[in-house]
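Protein chains: 2
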Amino acid sequence: MKIFFILLFSGSALFLKSQNKDSIQLRKIYDYYLTQSKTYSNLEFLTTKIGGRLSGSPQADQAVAWAMKAMYAAGADTVIFQPCMVAHWVRGKREKCSISSSKLKLEKELKCIALGSSVATPPGGIKAKVIEVKSFEELEKLGEKEIKGKIVFYNVFFNQAHIRPGTAYGETVKYRGKGASYAAKYGALASIVRSMSSVADDEPHTGNMNYDTTLSKNKIAAIAISYLGADLLSESLKQDKDLTVMVTTDCVTYTNVLSYNVIGQINGSEKKNEYLTAGGHLDSWDNGQGAHDDGAGVVQCMEMLAMFKALGIKPKHSIRAVAFMNEENGLAGGTAYGKFAEENKEKHLAALETDAGGYTPRGFGIDTLKGLYNTVSKWGKLFEPYLIEKITKGGGGADLIGIAKLGVPCMGFEPDNQRYFDIHHTAQDTFDKINKRELNLGAAAIGGLFYLLDQYYQR
Amino acid sequence: MKIFFILLFSGSALFLKSQNKDSIQLRKIYDYYLTQSKTYSNLEFLTTKIGGRLSGSPQADQAVAWAMKAMYAAGADTVIFQPCMVAHWVRGKREKCSISSSKLKLEKELKCIALGSSVATPPGGIKAKVIEVKSFEELEKLGEKEIKGKIVFYNVFFNQAHIRPGTAYGETVKYRGKGASYAAKYGALASIVRSMSSVADDEPHTGNMNYDTTLSKNKIAAIAISYLGADLLSESLKQDKDLTVMVTTDCVTYTNVLSYNVIGQINGSEKKNEYLTAGGHLDSWDNGQGAHDDGAGVVQCMEMLAMFKALGIKPKHSIRAVAFMNEENGLAGGTAYGKFAEENKEKHLAALETDAGGYTPRGFGIDTLKGLYNTVSKWGKLFEPYLIEKITKGGGGADLIGIAKLGVPCMGFEPDNQRYFDIHHTAQDTFDKINKRELNLGAAAIGGLFYLLDQYYQR
Chain A
113 MKIFFILLFS
123 GSALFLKSQN
133 KDSIQLRKIY
143 DYYLTQSKTY
153 SNLEFLTTKI
163 GGRLSGSPQA
173 DQAVAWAMKA
183 MYAAGADTVI
193 FQPCMVAHWV
203 RGKREKCSIS
213 SSKLKLEKEL
223 KCIALGSSVA
233 TPPGGIKAKV
243 IEVKSFEELE
253 KLGEKEIKGK
263 IVFYNVFFNQ
273 AHIRPGTAYG
283 ETVKYRGKGA
293 SYAAKYGALA
303 SIVRSMSSVA
313 DDEPHTGNMN
323 YDTTLSKNKI
333 AAIAISYLGA
343 DLLSESLKQD
353 KDLTVMVTTD
363 CVTYTNVLSY
373 NVIGQINGSE
383 KKNEYLTAGG
393 HLDSWDNGQG
403 AHDDGAGVVQ
413 CMEMLAMFKA
423 LGIKPKHSIR
433 AVAFMNEENG
443 LAGGTAYGKF
453 AEENKEKHLA
463 ALETDAGGYT
473 PRGFGIDTLK
483 GLYNTVSKWG
493 KLFEPYLIEK
503 ITKGGGGADL
513 IGIAKLGVPC
523 MGFEPDNQRY
533 FDIHHTAQDT
543 FDKINKRELN
553 LGAAAIGGLF
563 YLLDQYYQR
Chain B
113 MKIFFILLFS
123 GSALFLKSQN
133 KDSIQLRKIY
143 DYYLTQSKTY
153 SNLEFLTTKI
163 GGRLSGSPQA
173 DQAVAWAMKA
183 MYAAGADTVI
193 FQPCMVAHWV
203 RGKREKCSIS
213 SSKLKLEKEL
223 KCIALGSSVA
233 TPPGGIKAKV
243 IEVKSFEELE
253 KLGEKEIKGK
263 IVFYNVFFNQ
273 AHIRPGTAYG
283 ETVKYRGKGA
293 SYAAKYGALA
303 SIVRSMSSVA
313 DDEPHTGNMN
323 YDTTLSKNKI
333 AAIAISYLGA
343 DLLSESLKQD
353 KDLTVMVTTD
363 CVTYTNVLSY
373 NVIGQINGSE
383 KKNEYLTAGG
393 HLDSWDNGQG
403 AHDDGAGVVQ
413 CMEMLAMFKA
423 LGIKPKHSIR
433 AVAFMNEENG
443 LAGGTAYGKF
453 AEENKEKHLA
463 ALETDAGGYT
473 PRGFGIDTLK
483 GLYNTVSKWG
493 KLFEPYLIEK
503 ITKGGGGADL
513 IGIAKLGVPC
523 MGFEPDNQRY
533 FDIHHTAQDT
543 FDKINKRELN
553 LGAAAIGGLF
563 YLLDQYYQR
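As they're listed, the protein sequences go chains A and B.
Going by my numbering, the first residue of the first sequence is number 113, and it counts up by one from there.
Going by my numbering, the first residue of the second sequence is number 113, and it counts up by one from there.
Pulled out of the complex, with its shape left as it was, chain A reads as follows:
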């Protein structure tokens, strides 16, 4: 019994000692981010000097070149360009949507935006009656008889009652994603979707759509209208179901082009060939500046390299900050990251994505695979002083699609993103929406987590 207690005691003492050492180190890490980091100024450059940077655009190329320099400036030992072929879709000059009703004496243009991957309408636009639906089931019931020759209007509300706005987004994004092909299946001429917006304003939200050829081989134009525009259209339809809407888009999809993931790496001092990855996506929609989505994630991960250097910490494993390309419309970067890892037989310990906005951190979602959750959840106490309370099971993210397939345990950074879907994929996702403290607290949480993973996570 005595020996047992002595062992227990010395075990606890060791545990306490390491927790104490770690809490001191975490405090230094937070000090760095909150008082010295370049997270905010890096994001300012990316968003205001380069701006929106959709895959295949000149701005995306500029962002790749900038990311390389910024990774080196942050202290990367090496910067790797990882090639991937990305979609090259261009919005074009015109995107118009107007209601016309002689009965209501209404001629009104609605703010609209073409969805990513949409085709163009004929040059003169498409003018047709509109049929409003609230679900695919309703669409199916109406069938070709009611839909053929019309424009389908998916007027599905973003349910504000959800505590996590991402839940409401998850419920409605399918109408953006495959609404056009579903409508085309029944002979519709174009598709309009109510923006996935958590605020009642006049900003249309873009985002990618896909033509699902199993539903229809016919590709029809797909646009989004704003929350208020959708309200107006719906109200007008109640009073005049024969009103017409004119939709015009000029979009062009070119051949895929070469682009890159940009990987900034600090070489591990003990296990150089074992990797810990933290990434966000470098591409963004073209209508805003891609500040919260996901310039924030890119600069947060990049700053991790600078933190290790500034504090003189030599990580045991190789630490990678990854600026993924093409998250928004193709996931070519995320797919390539997995492919290269597989081909080169890289050993990836774990990978994190931050792509939910640069807001105050609340926690992390952590894979239960390979003991990762069990390890990380023990650090809850260490993170408590930093108001990180939710270390939950599950996690990952779109950019980790390739690496997750290889069985690498994944993690997701979870900020307080109540404001995210106000500006998500709109012209309002701009640098002025970023709060410096919130951005840096998020970066610090990620940096702290990676410090601990490097120290303690074993597989």
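These aren't lab readings, by the way, just hints derived from the structure by calculation.
Owing to the predicted nature of the structure, the values given are computational and were not obtained by experimental measurement.
Accuracy of the hints is not assured; some may be wrong.
Each pair may be met inside one copy or between any two copies, as identical chains are not told apart.
[Said to hold, decoys possible] Under the rule of at most 27 Å between Cα atoms (straight-line distance), these lysine-lysine pairs were calculated in the DSS-like manner:
1. Lys223 with Lys545
2. Lys246 with Lys140
3. Lys150 with Lys545
4. Lys161 with Lys545
5. Lys140 with Lys502
6. Lys262 with Lys217
7. Lys133 with Lys482
8. Lys262 with Lys205
9. Lys140 with Lys428
10. Lys505 with Lys490
Starting from the known structure of chain A, fit chain B onto it as the hints suggest.
Positioned in the frame of chain A, the structure of chain B alone reads:
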């Protein structure tokens, strides 16, 4: 043993049943706030139609009249005006601060704002050399020899390394509060304080100061300059310690005037003479719109009345939403609330203040007095789905000063206020800084807590 287990089992079953009933009710409460409440539109009216409303101002009177109507509209059975005599300080037309240095060829006006309760300078202003200090200790060491005839400049940084920005505010606000009297003690002519700001911008932050006659009977003018202005002044002083600064203020302090707390009450169905109070303060600084500070708190508490009515819940105890007057410069309302409670021998079960901004809720600080913390902390599980994670010991707030003295256990609403001290007491505390979801989530957390308190809290 059998009986013990049966009792244990039936006890747990009852507990589970009530938790289940409560979780259903909480969900209804959140649904109400997130989809039907008038919190946001009420705040829009208060902030944009009435605007800044310092005690004693016509706007404060308008706010009192509005609060009465809004409390009735929210469903109050009765609205009580609770009189209190409040400070009547008026900023006046001019507040100027300019640097002059022939050595640096510098003539520059700095954005500045008089501190609440400050006296006016002589009409021509005060022009003098400046002595910069970082603490009262430094001031004391310099003494009359160095300070007499000069303007004291408290250049104390808001420490960004703190995880809770309120900690940094707490460290620096003393220079705003009694810096002038401390400086006057050594013969200073005026006092300038660096704004308690968490952002590097050009907005000066006001806030109250007090003349401490135990330090000096001489009342000197007190102003704040912005973060960037303070940087400029400090840099300039390094290059020319003989530069002069001119400070001009026109402030007037009139005789105290009559104003009111506005109390909206739903009468308890079982214990009408036992009260549960939730309050924010109706007055605000004059330079902004008092949106986060504390229009948000007022409308959150007010909406609780509407929630009880809308959901058909008849509270057992009397529920009070209180719009306190004069939190910013005197606490006359909070003091009066306690005085009336004492005089009328009111039985107050518990009281909450919300005055930390209308941001995403994180938790509550709860008094350990009279079993309140023990009761509330058991509800942690119920609040988990609503991302309320921190139910901690301690709590209360400035407006509860009177009621706390009577031994009433107090609570404080704790939002994620990383952005608060960017705009606190500035012209930027305006309605456009409010996010509707965040505001309503806070209101819902308070409403949910009060539903549970009414059901279960006993003393």
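Non-conforming hints, listed in increasing numerical order
none
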